[in-house]
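The task is simple: from the sequences and hints, build the whole structure.
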Amino acid sequence: ATAAQAVGVGRALLDRTVAYVKQRTQFGTPIGAFQTVKHRLADTLIALEFARPLVHGAALTLRPDDLAAAKAAAGEAAYTAARTALQLHGAIGYTAEFDLSLWLTKARALRTAWGTPGRCRAEVLAAF
Numbered sequence: 485a486t487a488a489q490a491v492g493v494g495r496a497l498l499d500r501t502v503a504y505v506k507q508r509t510q511f512g513t514p515i516g517a518f519q520t521v522k523h524r525l526a527d528t529l530i531a532l533e534f535a536r537p538l539v540h541g542a543a544l545t546l547r548p549d550d551l552a553a554a555k556a557a558a559g560e561a562a563y564t565a566a567r568t569a570l571q572l573h574g575a576i577g578y579t580a581e582f583d584l585s586l587w588l589t590k591a592r593a594l595r596t597a598w599g600t601p602g603r604c605r606a607e608v609l610a611a612f
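In my numbering, the protein residues as written are 485 to 612.
These are computed hints drawn from the structure, not numbers from a lab. Quick caveat: nothing in here was measured; it's all calculated off a predicted structure. The beta-carbon is built from N, C-alpha and C at its ideal position, and this holds for glycine as well. One or more of the hints may lead you astray.
Estimated spans, in silico, between C-beta atoms of each pair [as the list claims (entries may be wrong)]:
{"no.": "1", "residue 1": "LEU586", "residue 2": "ILE530", "range": "16 to 26 Å"}
{"no.": "2", "residue 1": "ALA485", "residue 2": "GLY602", "range": "12 to 22 Å"}
{"no.": "3", "residue 1": "PHE534", "residue 2": "ALA611", "range": "11 to 21 Å"}
{"no.": "4", "residue 1": "THR513", "residue 2": "GLU533", "range": "21 to 31 Å"}
{"no.": "5", "residue 1": "ALA611", "residue 2": "GLN510", "range": "40 to 50 Å"}
Result set (SDA-like, lysine to any residue): computed pairs, CA atoms no more than 25 Å apart in a straight line [as the list claims (entries may be wrong)]:
{"no.": "6", "residue 1": "LYS506", "residue 2": "GLY574"}
{"no.": "7", "residue 1": "LYS590", "residue 2": "GLY492"}
{"no.": "8", "residue 1": "LYS590", "residue 2": "PHE518"}
{"no.": "9", "residue 1": "LYS506", "residue 2": "TYR578"}
{"no.": "10", "residue 1": "LYS506", "residue 2": "ALA517"}
{"no.": "11", "residue 1": "LYS506", "residue 2": "ILE576"}
{"no.": "12", "residue 1": "LYS522", "residue 2": "GLN507"}
{"no.": "13", "residue 1": "LYS506", "residue 2": "THR579"}
{"no.": "14", "residue 1": "LYS590", "residue 2": "PRO601"}
This is how it looks when you write it as structure tokens:
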């Protein structure tokens, strides 16, 4: 459940960030048109999409090593989405009146809930 929540939080952060970079302009151009911004968003989407099948597989098998792999991948993907969102939103991402701060807090908490990514990776390796 934690891994599935992490993927969902990561996707929500990505969706909000994509919407923001389409409307935020710099030098008369939406910042979403800049190559570096596109690459950051693409890297985030790739991380989330790689985590999704691990979460589905873990839900089917319920094997501890599958659960650990899903948790590690999903937690890291959500954290990547949080870092990307914060970077691309800039200072407004830190403000309490903008809902991004709630999503960031959730992503950070899910990353280490029920085991750090390092501990989850060790569990996967031990089962190998």
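These are the hints, each one checked on the structure:
no.: 1; hint: LEU586 x ILE530: 16 to 26 Å; result: 25 Å, holds
no.: 2; hint: ALA485 x GLY602: 12 to 22 Å; result: 21 Å, holds
no.: 3; hint: PHE534 x ALA611: 11 to 21 Å; result: 19 Å, holds
no.: 4; hint: THR513 x GLU533: 21 to 31 Å; result: 27 Å, holds
no.: 5; hint: ALA611 x GLN510: 40 to 50 Å; result: 48 Å, holds
no.: 6; hint: LYS506 x GLY574; result: 14 Å, holds
no.: 7; hint: LYS590 x GLY492; result: 11 Å, holds
no.: 8; hint: LYS590 x PHE518; result: 28 Å, violated
no.: 9; hint: LYS506 x TYR578; result: 20 Å, holds
no.: 10; hint: LYS506 x ALA517; result: 8 Å, holds
no.: 11; hint: LYS506 x ILE576; result: 16 Å, holds
no.: 12; hint: LYS522 x GLN507; result: 14 Å, holds
no.: 13; hint: LYS506 x THR579; result: 20 Å, holds
no.: 14; hint: LYS590 x PRO601; result: 16 Å, holds
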